[in-house]
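Given the structure of chain G, go ahead and fit chain A onto it with the hints provided.
Chains as they are written, first to last, in this note's numbering: chain G, 2 to 114; chain A, 99 to 211.
No lab work stands behind these hints, which were simulated from the structure alone.
All C-beta atoms in this analysis are idealised placements derived from N, C-alpha and C, irrespective of residue type, glycine included.
You can take every hint at face value.
Derived Cβ-Cβ restraints for the label pairs, each shown as a range: (1) G/Gly17 - A/Asn149: 38 to 48 Å; (2) G/Ser29 - A/Gly183: 29 to 39 Å; (3) G/Gln96 - A/Ser125: 23 to 33 Å; (4) G/Gln96 - A/Gly183: 28 to 38 Å; (5) G/Ser99 - A/Asn105: 21 to 31 Å; (6) A/Lys112 - G/Lys72: 42 to 52 Å.
With a cut-off of at most 27 Å between alpha-carbon atoms, the simulated BS3-like pairs for lysine-lysine come out as follows: (7) G/Lys43 - A/Lys109; (8) G/Lys106 - A/Lys109; (9) G/Lys72 - G/Lys106; (10) A/Lys155 - A/Lys109; (11) G/Lys43 - A/Lys112; (12) A/Lys155 - G/Lys43; (13) A/Lys155 - G/Lys106; (14) G/Lys69 - G/Lys57; (15) G/Lys109 - G/Lys43; (16) G/Lys106 - G/Lys69; (17) A/Lys169 - A/Lys109; (18) G/Lys43 - G/Lys106; (19) A/Lys155 - A/Lys169; (20) G/Lys72 - G/Lys57; (21) G/Lys72 - G/Lys109.
Listed here are the chains, written in short residue letters.
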Amino acid sequence: GESVGLHLPTLSVQEGDNSIINCAYSNSASDYFIWYKQESGKGPQFIIDIRSNMDKRQGQRVTVLLNKTVKHLSLQIAATQPGDSAVYFCAEKTQGGSEKLVFGKGTKLTVNP
Amino acid sequence: DTGVSQNPRHKITKRGQNVTFRCDPISEHNRLYWYRQTLGQGPEFLTYFQNEAQLEKSRLLSDRFSAERPKGSFSTLEIQRTEQGDSAMYLCASSSGHNQPQHFGDGTRLSIL
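The shape of chain G in the complex, shown without the other chains (with noise of 0.2 Å):
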């Protein structure tokens, strides 16, 4: 079925060091693949999106990583800083017509000053 998930729950880091949150996904017949930040009170924030014809993706800061032998997405961020400190999702939208997107649990990014 499709689900997508999250190996960790919870990841702490020091300000300056680089991030990597990893996400699973279970099914093989999405194509669209999408990463948010969510702060405490607000809705999730987009952050950056890659295709399934993509294997790689940059924007400020930010690389996603999309591993479909494995089925595995990864968001790096390079340089975190405090204000990165939030809740990170991935979500993936299935092949075929349906325009829902299916979050995992998330990522609790910590930044330690």
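Just chain A now, with coordinates in the frame of chain G:
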């Protein structure tokens, strides 16, 4: 602010009452989505509109729930005869097309007494 706007931000009501939430999407977006999020979980898809047409509904959307988007712009989500289990954050998102990022509002937090 040209993001997704949701009103009210908080709603407290007694069990059995009806509630209605409003979502104003990003103005040029023709796709609108409703999700529900409970504490510690990722958002769960409820329904999707393309312009005024409701094209997809989750089985989570019981017959007590109804969503409309009459003019293809703002949308309303009504819950009739609210139950304790309806307590959640109700999130609205909009996008400009297929496999384009869904941008979320900050949600309406519903508390059932």
